[in-house]
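K.L.:
Letter by letter, the chains look like this.
Protein chains: 2
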Amino acid sequence: MMRRHEFINEAVAAEILALIHQTADPAVLAERLNDYHDYDIAQALEQLTPEERLGLFLPLGALRLAEILPYCDEPEQVLAGFPADKAAAILDSMDSDEAAEILEELPEETRRLIAGHLSEETSGEIRMIASYTDDEIGSMMTTNYIAIPQTASVKEAMRELIRQSAENDNISTLYVIDDQGLYCGAIDLKDLIRARDYTSLDKIIVHSYPFVHDHDQIEECMDWISDYEEDSLPVLNAADQLVGVLTVQDIMDYREEESREVYNKLAGISEGTDDDLDEPLLLSMKKRLPWLVILLFLGMFVSSVVGMFEQIVAQIAILICFQSLILDMAGNVGTQSLAVTIRVLTDEALPMSEKLHLISKEVRVGLTNGTLLGVIAFGVVTFYTMVLKHYPLPYSMAVGACVAIALMLAMTISSFAGTAIPMVFDKFGVDPAVASGPLITTVNDLVAVISYYGLAWLMLIQVFHLV
Amino acid sequence: MMRRHEFINEAVAAEILALIHQTADPAVLAERLNDYHDYDIAQALEQLTPEERLGLFLPLGALRLAEILPYCDEPEQVLAGFPADKAAAILDSMDSDEAAEILEELPEETRRLIAGHLSEETSGEIRMIASYTDDEIGSMMTTNYIAIPQTASVKEAMRELIRQSAENDNISTLYVIDDQGLYCGAIDLKDLIRARDYTSLDKIIVHSYPFVHDHDQIEECMDWISDYEEDSLPVLNAADQLVGVLTVQDIMDYREEESREVYNKLAGISEGTDDDLDEPLLLSMKKRLPWLVILLFLGMFVSSVVGMFEQIVAQIAILICFQSLILDMAGNVGTQSLAVTIRVLTDEALPMSEKLHLISKEVRVGLTNGTLLGVIAFGVVTFYTMVLKHYPLPYSMAVGACVAIALMLAMTISSFAGTAIPMVFDKFGVDPAVASGPLITTVNDLVAVISYYGLAWLMLIQVFHLV
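Just so you know, the protein sequences line up as chains V and F, in that order. The number in the numbering used here is simply the position in the first sequence, starting from 1, with 54 added. The number in the numbering used here is simply the position in the second sequence, starting from 1, with 54 added.
So that you can see chain V by itself, here it is in the shape it has in the complex:
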């Protein structure tokens, strides 16, 4: 597997370490390190002692370190290794959202020390980003962008770009603002580079370039944002002034987090986690216990329903054999419908008609699959009951038919429940992925138990008088 790449990584990291250890002259070292990707240097950095890291501040400089640190597994650890003023210098040249995150990770004491040395600009930006709630776009934006004055000429714009790119490296799209800082559009860097000096800047400005507002709910506009497939999108404040940008990396991170959560919820794990391996036992327990306790009591409820059929089972003990079969199958189709529905609900906001369409489709799938499996079940159950359990043929066929019909019924109804229940939850603003799981398991069990034993009572006892 990944050996080849791992090998390269290790080799590169080793190379870098050797360089650092052997090169005395900072200037030479600086130039040598320019040959490596920030990520690889970050890997090497983690193998250095705090003293050695300190020695890299001069050759690498705050700006480069600011680009390298975010690639470290624990950037706050590395940062804390530097004296407060140097650490602050690094944060100053870092993307404001990343700087804010790292600061949060630091112990109170260290944080205050470093914050004291931060530039007015940086602490201002960090304050601004911290002022947004986690579900607002503003909380994930960065101030790492290039702003070009609307009135600039192509030549001036290019000069602005060169000047600002020292600080900000999101340059593939440039944003245009007027003298009030109001957002007026975007320029594709490619167009600026290809523009002749005499073309007016206005010609290459995309005036209707998409944007979001800082207080927009991330969840609500993320799909919309992804549609544009842009490397960065501008974020405006209430006054339509440009206050930051969303980068494609921010969007990617959000997407991965999102899909992980949907996945966890389907599995009945309360919240997403970054590392299931190093996670403390107690935490893992806490995550799963709530769901399990709910299920226990719902299960007790099912048990009491089964209890109502106790006598039937006492009379026709063979029935007990197939209860698990029918409950499992109902559960399986229910989960399939649930999974499909949750994903559809997560992907898009559905009109009523679409919902009904999905429900009817799921039910038809359940019915057809249920019928097919029912036929198979009839054969196998009849055979099993007659040949292995030595019951008479008619008796065996009656049991087989009972199992088959119950199976079909249960699978159809479970498909319906698996689709309708999450929709209802969604309708009332309850997260369907979380809430549906337990309820559906129970509903499926009830459906299965009642249709199975109910049918058994009706067919085997009332009609065929097996007892």
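Hints were generated in silico from the structure; no laboratory data involved.
What the simulated footprint calls covered on chain F by chain V, stretch by stretch (three residues with Cβ under 8 Å from a Cβ of chain V suffice, anywhere in the stretch; the number is not a length):
(1) 215 to 224
(2) 379 to 386
(3) 437 to 444
Every residue gets a Cβ at the ideal spot worked out from N, C-alpha and C, and that includes glycine.
Got chain V; can you put chain F on it based on the hints?
P.N.:
Relative to chain V, chain F alone:
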């Protein structure tokens, strides 16, 4: 919800439509349309008649249309609306991987017609990309990149960039090749822009910039690629010549597909799907039936095991009430462990020690949760059996104890199965997510049934002589 954004989109699309309908002069229209994002124009495009679209070829030009088309829901439809030569012209200016995809979607007849007009370069690129299997990096790369000769000066490099950027718009990273076309490193566009004319290009080349090879397995190096968080990565052939690049969008798409598949597998749906709503009934059935049939027969097997305890149930009918409870709980913890394990296995390649660590952790979680729930169950079951079912207290307590211990046992063993089984599958190169589901459901059921009824036989009949 997304109303505000949807509103903007609709408004913008309407604006564009109005423009197209009202502006007669192609030159004017062309300039006006420069003000809009490709995505928005794509939205408008879909509301136009083929004739109207044809009318846009002149003002927009093949290059712009090539950028717009990929944003359409059905680009092949839009493309087919143009005469073969114009359609070919559009494909010529499109990213080679996108062009290849769209061609595949076209009906045989149309495809051959258009392919006939394609430039030698494009058809060559498409042939190359088609020559890779779907699991190879080469199949998802594009030839949309800027290549700078190693020997160029900063000024010449800038000129090269301007020249090539007419065709290729992935410019944030430039790739450096020698006169043999061998890859020698990358240049961050920012550095080129900021470089003085007299600096030697070599100074700003990152010589150890990461790369992949065209025949690398996507699955194997994707994690490695993502680590670098780059907008694009170079792809080399066996001779280490630069043949293409991977873009961040390709990586994003792959990630989404990947997480969707893991999700589907957990739900027991055979393969990922792009649209669960418009998917034909038969297809949905086919996707789920295989898993269900497997489960049916595994379920039959479980039934026959339950059958072995038929007599015990006939004697102590109350037991039947709690079978579903214990099976469900075992299933739930099993699924939780399975979900965690599958994600861990998907994320990283684990050494044996880590695996054992995860197993032991999951087992401890199962044991602790099982014990807690067992205690609760003992109370509730005893109460239920005595008060609602009117059995004597000792009898009720015996049943309660039996359920409680079986619950604890089943939950612990299921946690083990849910962790160990996928690891074994993974070890032998079988996709754990697909294979584990059915097997674990069965194992959990067997574990639960045997520990429950086995315990009942031991405790209630052998020890307490309840019958």
